[in-house]
Amino acid sequence: MSVLLTNSSWKISKEAAKSLNKEGISTIAADISEPIFNFSQQKYVTYLPPSTEYFIDSVYDICLKNHIETVFPMSDDVVIPLSKNKSLLNEVCDVPISDYDYLIKAHDKFQTFDLAKLLNIPVPETFVFKNHDELIKYSEIATYPLIIKPRMGGGAARCIHIVKSKDELIGYYSELINAGHLPMVQEYIPGSSEQMYMINVLYNQDHELVSFFMAKKIREYPHTGGITTCGVSIFEQVLLDYAKKIFDSLKWYGVAEIEFKLDLRDNCFKLIEINPRFWQYLKHPIACGVDFPFHLYNVSLGYDFETNTSYDIGVKFINIYKDIPSIINQLLRNENKMKIFNSALSSYRGKKVFSSKDLLNTLIWR
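Here the working numbering is used: position 281 in the sequence shown is 268, and no number is missing along the way.
These are calculated hints, taken from the structure and not from any lab test.
Beta carbons are placed, not taken as given, at the ideal position from N, Cα and C, and that holds for glycine.
Check each hint, because a few of them may be wrong.
Stated by the list, open to error - Pair ranges (Cβ atoms, derived):
1. GLU127 <-> LEU169: 19 to 25 Å
2. GLU112 <-> ILE300: 31 to 37 Å
3. ASN329 <-> LEU251: 18 to 24 Å
4. THR130 <-> LYS52: 55 to 61 Å
5. LYS324 <-> LEU51: 39 to 45 Å
6. ASP154 <-> GLY178: 24 to 30 Å
7. TYR175 <-> ILE300: 26 to 32 Å
Can you make the complete structure from the sequences, with help from the hints?
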């Protein structure tokens, strides 16, 4: 019996495999293609691309033939169709994710904000437009700068734009539409990546919170809103309360990440987004004592384990291959370069864990 890990070329899939293998749990790596060379003993299988009609059939066959106990989806494009077809896949294995009607409220950022407002969780002022005329009318009275980004998808970071004028708003809106995205517009919360806070959660099959972890960003890449390149483990009770309130209301099952930004104008945390899956800095909570992949395995199979409510605080996470470009970008954008340099140097002091990307592993994937 094994765990099927999707998106096996991704670093987080490899981190999950390490976690499970360390506990003696067999894993099978799955993706839309196999590596050209396989230097590990791990078994690789391929499924059809998630956008195709027979993706679910291919996953079902893999699970049946390989005696899979549970499937860990690692990306949005995989988690959505698996959630839609949970009842079918549950014939052969468990899929530890929420039912589609709940999961889509986390995946669609506009639905997330509607829910948050009902729960009295602060959010940035957010707009969607029914047609181009509504956008034009809004662009003429809007207060700039604004944020424009897709409503859905973890890849939204690559499509986030800070717009400073009517022309930029209309231009980037059209660009997102042409790229197949549903755009949304938000008020701009001033400040740096150091005001970003992330909460990781794990809920069991009874929709109870059993593990959590929190971190604060120090740097990100790109600077307009991207993955954490340097962060530090923290604890903020108000953020745990907010996270629990929203995931309890969604009858959550499985893992998720929820992000907030501290708005210095009113000193309130504002909800930014939910990612209904594992996150890129998975190595960080594992190093701090919260082994999410192993805990998810136990939750998925209904095994008892001790609820994880404590972890090491003040431990830094550094994605060295992304953090160096992030530091260079800060140096280029700021006049006080010595301050930026000293800040970067200071962030590398103390207890830390590095995410070392294996370049060879990257090159051998088709």
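Results for each hint:
1. For GLU127 and LEU169, the hinted distance range of 19 to 25 Å is satisfied, since their beta carbons lie about 22 Å from each other.
2. For the pair GLU112 and ILE300, the supplied restraint of 31 to 37 Å holds, since their beta-carbon distance comes to about 33 Å.
3. As the Cβ distance of ASN329 to LEU251 is approximately 22 Å, the hint placing it in 18 to 24 Å holds.
4. For THR130 and LYS52, the Cβ-Cβ distance of about 57 Å falls inside the hinted range of 55 to 61 Å, so the restraint holds.
5. Separation of LYS324 from LEU51 is about 58 Å and departs from the stated range, judged on CB atoms against 39 to 45 Å.
6. Distance hint check for ASP154 and GLY178: the Cβ-Cβ separation is about 25 Å, which falls inside the suggested range of 24 to 30 Å.
7. At about 31 Å, the beta-carbon gap between TYR175 and ILE300 stays in the expected band of 26 to 32 Å.
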